[in-house]
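> For reference, the chains in residue letters:
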Amino acid sequence: MAIKFSNTFLLRKLHQITGIVPLGAFFFVHIFTNSKAMNGEASFVKAVKEIHDIPFLLFIEIFGIFLPLLFHSIYGIIISAEAKANPISYNYGRNWLYVFQRATGVFLFVFILFHLLHFRFGIVPGLTMDAVAGNAERSFAIVAGDFQITWVLIVYILGVLATAWHLGYGFFLFAVDWGIVIGEKAQKVALTACLGLSVLLAAVGVNAAFAFVRHCGLFPQALCEAPKKASNPTAPTKF
Amino acid sequence: MTTNGHIEKKRLENPPSTIKFKIQRREKEGAPASWETFAIDYRRNLNVISALMEIRKNPVTVEGRQTTPPVWDMSCLEQVCGICTMVIDGKVRQSCSALIDDLLVASGSDTISLAPMSKFPNVRDLKVDRSKMFDHLKQVKAWVDLDGSYDLGPGPHVTNELAQERYALSRCMTCGCCLEACPQYGDDNYIGPQAIAQAHLFNMHPTGKANMEERLNGLLGDDGIGNCGNAQNCVQVCPMSLPLTKAIYQTNRDITVEAIFGWLKK
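In order, the protein sequence lines correspond to chains A and B. Numbers 0 to 238, taken from numbering that gives the first Met the number 0, label the letters of the first sequence in order. Numbers 0 to 265, taken from numbering that gives the first Met the number 0, label the letters of the second sequence in order.
It should be emphasised that the hints constitute simulated quantities derived from the structure, not laboratory data. Treat the hints loosely; a few may be bogus.
Said to hold, decoys possible - Just so you have them, the derived chain A footprint on chain B, three or more residues with Cβ under 8 Å:
1. 159-166
2. 252-261
Stated by the list, open to error - No farther apart than 25 Å at their CA atoms in a straight line, the calculated lysine-lysine pairs in the BS3-like style are these:
3. B:19 - B:56
4. A:12 - B:56
5. A:83 - B:131
6. A:3 - B:208
7. B:8 - B:19
8. A:3 - B:27
9. B:118 - B:27
10. B:56 - B:140
11. B:21 - B:140
12. A:12 - A:187
13. B:27 - B:90
14. B:90 - B:9
15. B:8 - B:118
16. B:264 - A:3
17. A:3 - B:137
18. A:35 - A:45
19. B:265 - B:208
20. A:35 - A:48
21. A:3 - B:265
22. B:19 - B:131
23. A:83 - B:90
24. B:118 - B:21
25. B:27 - B:8
26. B:137 - B:208
27. B:27 - B:56
28. B:90 - B:140
29. B:264 - B:208
30. A:83 - B:118
31. B:27 - B:140
32. A:12 - B:264
33. A:3 - B:56
34. A:83 - A:12
A virtual CB, placed ideally from N, CA and C, is assigned to each residue, including glycine.
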């Protein structure tokens with residue numbers, strides 16, 4: 000006799016693992032790439048070009064990001080919908096984390112949809128209608144331009160904060176749901192570490208967003224390379 | 000809330016002369032619920048059950064209307080049987096160990112609200128039908144198979160450590176607090192911490208672990224352990240301080256190990 004899994008159980012496990020790999024891993028890469036904007040336009044444009052040069056890019060994008068994201072977000076909404084949240088009656092820290100994971104999840108569903116339409120596909124009316132993807136030379140200019148609009152910058156900062164929190168706490172959830180962390184003391188240590196990671200990811204992500212409106216983001220400008228314009232093929236070469 | 004160890008607590012300095020009870024009433028299963036308020040004279044050392052007994056003697060609401068005496072379940076009166084569990088001032092707990100003074104200090108008012116647990120069929124007033132929990136124990140085979148055609152002799156020895164761990168889980172009195180406080184439990188979509196902890200109790204037993212796969216299969220259905228949302232209210236409200244989350248997460252590990260390495264044995 001062997002153990003048999005129901006569909007619900009398998010879907011939950013798939014939901015948990017897709018949140019870590021590939022989506023969590025992708026978020027690390029994403030904010031690392033964004034942080035290159037700290038060193039100015041040329042540095043960011045180079046990073047975008049390097050991404051465009053990845054072999055099997057479309058394949059990786061579809062199977063590594065789009066499909067896992069689609070599954071994780073839709074199934075996440077289903078999980079959130081069945082919650083009978085009760086943090087007022089049962090006012091415990093981890094009960095609030097439970098509510099918060101679902102709240103950030105629902106917010107991120109909307110935010111990521113907007114983010115994709117905005118920078119991946121460039122079809123949000125009123126904002127730059129050029130996609131960043133496939134448009135490396137103009138990538139920095141597009142983001143920097145739209146980030147001049149205050150509400151866009153605020154929405155992106157909220158998006159980064161929500162993602163960092165959802166992912167950091169998600170690591171804790173993965174650790175307990177897969178039986179890696181078990182005892183009460185271990186739970187406490189793991190939760191502290193995961194929420195610490197959330198704060199770190201949030202700081203890196205927010206700084207990267209500011210790097211598009213101010214050279215070197217939130218750090219003193221002396222820490223970054225001097226700002227350079229991206230090489231423009233039509234501009235006269237200087238000696 | 001912990002029940003072990005001495006707790007220096009706040010005393011009720013100026014008790015009110017009368018205390019009010021807002022009680023959820025329901026005539027029978029399926030009938031609409033309504034609220035009635037009763038007032039009784041304050042006296043020292045009342046608990047919710049002795050207050051309910053006082054109300055039962057003369058069931059007249061604060062508006063002066065004669066009504067039926069409220070119905071509730073009780074048995075041991077010392078927080079070991081679990082049958083008097085109800086929602087008191089919004090929180091699930093046993094009514095026998097809910098002292099009136101403590102409730103008044105905590106809420107700062109002179110009214111105490113009493114409602115039946117919302118996750119079980121409401122038989123009448125404060126009485127619920129908890130048989131679902133016993134069905135769940137059957138679903139996970141929470142027992143050790145002992146019957147045979149001959150005497151099997153004494154069971155194997157266990158380490159003191161294992162005995163301690165099993166004892167903690169064996170204190171479960173099937174009261175339902177964990178299920179009532181769980182934001183995932185309800186509508187039959189999640190088996191809940193109580194049955195998972197009991198499955199783990201018997202999975203840890205040296206003879207009982209022979210049936211571990213059957214128990215895990217009882218937990219892997221569409222209503223199974225995967226639906227735990229880690230809000231961890233169960234371990235907070237458990238009146239017997241069972242290590243419920245530890246039991247759930249250890250069972251998660253048993254399942255992960257079996258799922259990943261089980262098929263590699265074939």
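> Now look at each hint and say whether the structure bears it out.
To see whether the hints hold, each was checked on the structure:
1. 159-166: violated (count 0)
2. 252-261: holds (count 8)
3. B:19 - B:56: 15 Å, holds
4. A:12 - B:56: 55 Å, violated
5. A:83 - B:131: Cα-Cα ~19 Å, so holds.
6. A:3 - B:208: The given pair, whose Cα atoms are some 18 Å apart, holds under the 25 Å limit.
7. B:8 - B:19: 23 Å, holds
8. A:3 - B:27: Answer violated: residue 3 of chain A to residue 27 of chain B is near 40 Å, above 25 Å.
9. B:118 - B:27: 16 Å, holds
10. B:56 - B:140: Violated: residue 56 of chain B and residue 140 of chain B sit about 44 Å apart, past 25 Å.
11. B:21 - B:140: The hint is violated at about 40 Å.
12. A:12 - A:187: 23 Å, holds
13. B:27 - B:90: Given pair residue 27 of chain B, residue 90 of chain B holds - Cα atoms ~23 Å apart, limit 25 Å.
14. B:90 - B:9: 19 Å, holds
15. B:8 - B:118: Violated. Residue 8 of chain B to residue 118 of chain B sits at ~31 Å, over the 25 Å cutoff.
16. B:264 - A:3: Holds: residue 264 of chain B and residue 3 of chain A sit about 16 Å apart, inside 25 Å.
17. A:3 - B:137: 18 Å, holds
18. A:35 - A:45: 9 Å, holds
19. B:265 - B:208: 20 Å, holds
20. A:35 - A:48: 12 Å, holds
21. A:3 - B:265: 15 Å, holds
22. B:19 - B:131: 33 Å, violated
23. A:83 - B:90: 15 Å, holds
24. B:118 - B:21: 20 Å, holds
25. B:27 - B:8: Violated. Residue 27 of chain B to residue 8 of chain B sits at ~39 Å, over the 25 Å cutoff.
26. B:137 - B:208: The hint holds at about 16 Å.
27. B:27 - B:56: 21 Å, holds
28. B:90 - B:140: 30 Å, violated
29. B:264 - B:208: 19 Å, holds
30. A:83 - B:118: 11 Å, holds
31. B:27 - B:140: Violated, because 32 Å separates the two Cα atoms, which is more than 25 Å.
32. A:12 - B:264: 22 Å, holds
33. A:3 - B:56: 55 Å, violated
34. A:83 - A:12: 21 Å, holds
The structure is inconsistent with the numbered hints 1, 4, 8, 10, 11, 15, 22, 25, 28, 31 and 33, although it conforms to all the rest.
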